[in-house]
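Novice: Each chain, letter by letter, is given below.
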Amino acid sequence: MRNISAQEITRTVARLCQEANYFLPEDVMNSLKKARQNEESQLGQQTLDQILDNAKLAQEEQVALCQDCGTTVVYLEAGQDVHITGGDLYQAVNEGVRQGYDKGYLRKSMVTQPFSERVNTRDNTPAVIHTDIVPGNTLKITVLPKGGGGENMTRLFMLTPARGRPGIVDSVVQAVDEAGSNPCPPVVVGVGIGGTAEKTLLLAKKAILREVGKPSPDREVAKLEKDLLQRINALGIGPQGFGGRTTALAVHIEVFPAHIASLPVAVALQCHSARHKEAIL
Amino acid sequence: MVKKVRLPLTDETLAELKAGDQVSLTGVIYVARDAAHKRMSDALDRGEPLPFDIREQTIYYMGPAPAKPGQVIGSAGPTTSGRMDAFSPRLIAQGLKGMIGKGMRSPAVKDAIKKHKAIYLASVGGAAALISKSIKKSEVIAYKELGAEAILRLEVKDFPAIVINDIYGGDLYQEGKTKYRIAA
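Line by line, the protein sequences are chains A and B. Numbering-wise (our numbering), the first sequence opens with residue 2 and increments by one. Numbering-wise (our numbering), the second sequence opens with residue 19 and increments by one.
Rather than coming from a laboratory, the hints here were simulated on the basis of the structure. There could be a bad hint or two in this list.
What the hints assert, rightly or not - Derived BS3-like pairs (lysine-lysine); straight-line CA-CA distance at most 30 Å: (1) B:154 x A:57; (2) A:57 x B:135; (3) B:135 x B:56; (4) A:34 x B:56; (5) B:162 x B:21; (6) A:57 x B:175; (7) B:155 x A:104; (8) B:135 x B:86; (9) A:35 x B:151; (10) B:128 x B:21; (11) A:34 x B:21; (12) B:162 x B:86; (13) A:278 x B:151; (14) B:36 x B:154; (15) B:197 x B:154; (16) A:57 x B:21; (17) B:151 x A:104; (18) A:35 x B:197; (19) B:197 x A:227; (20) B:162 x A:104; (21) A:34 x B:162; (22) B:86 x A:278; (23) B:86 x A:104; (24) A:34 x A:200; (25) B:56 x A:57; (26) B:151 x B:133; (27) A:34 x B:175; (28) A:207 x A:227; (29) B:155 x A:57; (30) B:86 x A:57; (31) A:224 x B:197; (32) A:35 x B:128; (33) A:34 x B:197; (34) B:36 x B:175; (35) B:175 x B:86.
As the list claims (entries may be wrong) - If we take Cβ atoms under 10 Å as the criterion, some of the chain A residues that face chain B in the derived model are: (36) 64; (37) 67; (38) 108; (39) 110; (40) 112.
All residues carry an ideal CB built from backbone N, CA and C; glycine is no exception.
Throw the hints in and build the complete structure from the sequences for me.
Specialist: This is the structure:
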């Protein structure tokens, strides 16, 4: 049994909220630079230049990459031999979000009762928290500030098994095509296949956290990722939808077994400001 | 080539701007997004005036990050315009000439743009820190209680944008996609 204090969790979450919003991960930067080299559209090239300049500026001045500092999605991987002391785990996470967004000059975007009063909670809480219990005695915390533009373009397809691989390709390409310029392309396309409706959405969302462009370790899945990326970049949507070759930086697929009656497919779109930051306590 | 545009927008200026043009805007723009649009629409329903004279003006769909000490405004990039589609035709009919945001507009908004000779521009979503540098002055002029959704009056210099929908029916999102699309 290893003790981790609630205060340390709060401090860590606060730091991760700020760092995620200021510093674009290196793999995302490299992927954008590569896209800039390959982009044929002049407007597309200039758009990618602006995106890269923005990332440099945000890093230098330690300001938000995007004014939409997101819903704070927090993934916890808690070792089963960890004991949280001095407070409630989820309260500690939310306190970290509160402090991080306040001290970091990050925009607070959460509103109460979403279909009527919609009053800003003024501290970006509550975070959306997903917890996995895993072997070990560490706590891994991942902060994903998820912007509204991309999130609103999330799609779920409950396919019949007969539609198989072609059905998956059609659904994912359709989701990206219909989203068009809205999710701030070039996007990272997270795809969940299998499980139940909610499981496949979780897989799709988690898939966007993978190092950009790193293929799935499963060869068949990796081939599907490659084929989908090619189809998506043939859509012509381009950076910010102005037309061009770079609609997606990568397609990441996560797969889970499914019921004999089901082939669920979820598509989560992550804008080019693919922010996330992890720490292990 | 970047076309320099002075605000407010005149009919002569609008006649020269076409889908795909890169522009840099200098002058005054107003900021309003979801909640402010709902309130403006409610005000019109009640027969009340809008919080600012909207004629010939430009609205930027944006909700800024808080300003750090010494900053005019925090990061300030565009939000998705489609959420304002329900309100925009009415504001265009009231004399609104320019809209800045990102993402696709509805057929009703595009029709209103053509009919009343207005324009829809996009700035680069996610380039929010960079865009904030072109904002020289920012003040809350209405709905202060909405926080990041309050109406702001901005003075901008060389604010970068791209023409999406022009007065002639041009639509960069359609034209760009068609130009680069490869048949499956």
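Novice: Does each hint hold? Answer for all of them.
Specialist: To see whether the hints hold, each was checked on the structure:
Distance restraint check for residue 154 (chain B) and residue 57 (chain A): the Cα-Cα separation of roughly 21 Å lies within the 30 Å cut-off, and the hinted pair is therefore satisfied. Straight-line distance between C-alpha atoms of residue 57 (chain A) and residue 135 (chain B) comes to about 38 Å, which puts the hinted pair past the 30 Å bound. Straight-line distance between C-alpha atoms of residue 135 (chain B) and residue 56 (chain B) comes to about 23 Å, which keeps the hinted pair within the 30 Å bound. A C-alpha spacing of about 40 Å is found between residue 34 (chain A) and residue 56 (chain B), which places the hinted pair above 30 Å, so the restraint is violated.
At most 30 Å may separate the alpha-carbon atoms for a hinted pair to count; residue 162 (chain B) and residue 21 (chain B) exceed this at roughly 34 Å. A C-alpha spacing of about 21 Å is found between residue 57 (chain A) and residue 175 (chain B), which places the hinted pair at or below 30 Å, so the restraint holds. For the hint pairing residue 155 (chain B) with residue 104 (chain A), the CA-to-CA distance comes to about 23 Å; that is within 30 Å, so the pair holds. Between residue 135 (chain B) and residue 86 (chain B) the alpha-carbon distance is near 38 Å, which puts this suggested pair outside the 30 Å criterion.
At most 30 Å may separate the alpha-carbon atoms for a hinted pair to count; residue 35 (chain A) and residue 151 (chain B) meet this at roughly 26 Å. For a cut-off of 30 Å, the pair hint linking residue 128 (chain B) to residue 21 (chain B) stands: about 22 Å separates their Cα positions. This hinted pair checks out: residue 34 (chain A) and residue 21 (chain B) have alpha carbons roughly 27 Å apart, not beyond 30 Å. At roughly 19 Å between alpha-carbon atoms, residue 162 (chain B) and residue 86 (chain B) fall within 30 Å of each other, so this suggested pair holds.
Between residue 278 (chain A) and residue 151 (chain B) the CA atoms are separated by roughly 26 Å; this keeps the pair inside 30 Å, and the hint holds. A C-alpha spacing of about 27 Å is found between residue 36 (chain B) and residue 154 (chain B), which places the hinted pair at or below 30 Å, so the restraint holds. The straight-line distance between the Cα atoms of residue 197 (chain B) and residue 154 (chain B) is roughly 37 Å, outside the 30 Å bound, and the hint therefore fails. Between residue 57 (chain A) and residue 21 (chain B), the direct Cα distance comes to roughly 26 Å. Compliance with the 30 Å bound is thereby established for this hinted pair.
Of the supplied pair hints, the one linking residue 151 (chain B) and residue 104 (chain A) holds, its CA atoms being roughly 21 Å apart against a limit of 30 Å. Distance check on the hinted pair: residue 35 (chain A) and residue 197 (chain B) sit about 22 Å apart at the alpha-carbon level, within 30 Å; holds. A threshold of 30 Å between alpha carbons decides the hint, and for residue 197 (chain B) with residue 227 (chain A) the separation of about 23 Å falls inside it, so the pair holds. Between residue 162 (chain B) and residue 104 (chain A) the alpha-carbon distance is near 21 Å, which keeps this suggested pair within the 30 Å criterion.
For the proposed pair residue 34 (chain A) and residue 162 (chain B), the alpha carbon gap of about 40 Å is over 30 Å, so the pair is violated. Under the criterion of a C-alpha separation no larger than 30 Å, the hint pairing residue 86 (chain B) with residue 278 (chain A) is consistent with the structure, at around 22 Å. Between the alpha carbons of residue 86 (chain B) and residue 104 (chain A) the distance comes to roughly 10 Å, so the proposed pair stays at or under 30 Å and holds. Distance restraint check for residue 34 (chain A) and residue 200 (chain A): the Cα-Cα separation of roughly 33 Å exceeds the 30 Å cut-off, and the hinted pair is therefore not satisfied.
As the CA atoms of residue 56 (chain B) and residue 57 (chain A) are separated by approximately 36 Å, the hinted pair breaks the 30 Å bound. Only pairs whose Cα atoms come within 30 Å are accepted, and residue 151 (chain B) paired with residue 133 (chain B) is rejected, the gap being roughly 34 Å. Taken as a hint, the residue 34 (chain A) and residue 175 (chain B) pair is honoured in the structure, with Cα atoms around 28 Å apart against an allowance of 30 Å. A hinted pair counts as satisfied when its Cα atoms are at most 30 Å apart, and residue 207 (chain A) with residue 227 (chain A) qualifies at roughly 19 Å.
In summary, the hint linking residue 155 (chain B) to residue 57 (chain A) is supported, as the alpha carbons are separated by about 23 Å, within the 30 Å threshold. Using a Cα cut-off of 30 Å, the hinted pair residue 86 (chain B) and residue 57 (chain A) holds, with the two alpha carbons roughly 18 Å apart. Taking the CA atoms of residue 224 (chain A) and residue 197 (chain B), the gap is about 28 Å. The hint holds against a cut of 30 Å. Pair hint residue 35 (chain A) plus residue 128 (chain B) does not hold up; C-alpha atoms about 35 Å apart against a cutoff of 30 Å.
Between residue 34 (chain A) and residue 197 (chain B) the alpha-carbon distance is near 23 Å, which keeps this suggested pair within the 30 Å criterion. A hinted pair counts as satisfied when its Cα atoms are at most 30 Å apart, and residue 36 (chain B) with residue 175 (chain B) qualifies at roughly 21 Å. With a CA separation close to 20 Å, the supplied pair residue 175 (chain B) and residue 86 (chain B) stays within the 30 Å bound. Annotation: interface hint on residue 64 (chain A) holds; nearest CB of chain B at approximately 5 Å, less than 10 Å.
Here the hint on residue 67 (chain A) is kept, as its CB sits about 5 Å from the closest CB of chain B, short of 10 Å. With 10 Å as the threshold, the beta carbon of residue 108 (chain A) comes within range of chain B, its nearest partner Cβ sitting at about 4 Å, so the hint holds. The interface hint given for residue 110 (chain A) is met, as the beta carbon of that residue sits about 7 Å from the closest beta carbon of chain B, less than 10 Å. Contact between residue 112 (chain A) and chain B, as hinted, is supported at the beta carbon level, the nearest pair being about 9 Å apart and thus within 10 Å.
Hint compliance for this structure: hints 2, 4, 5, 8, 15, 21, 24, 25, 26, 32 are broken, all remaining hints hold.
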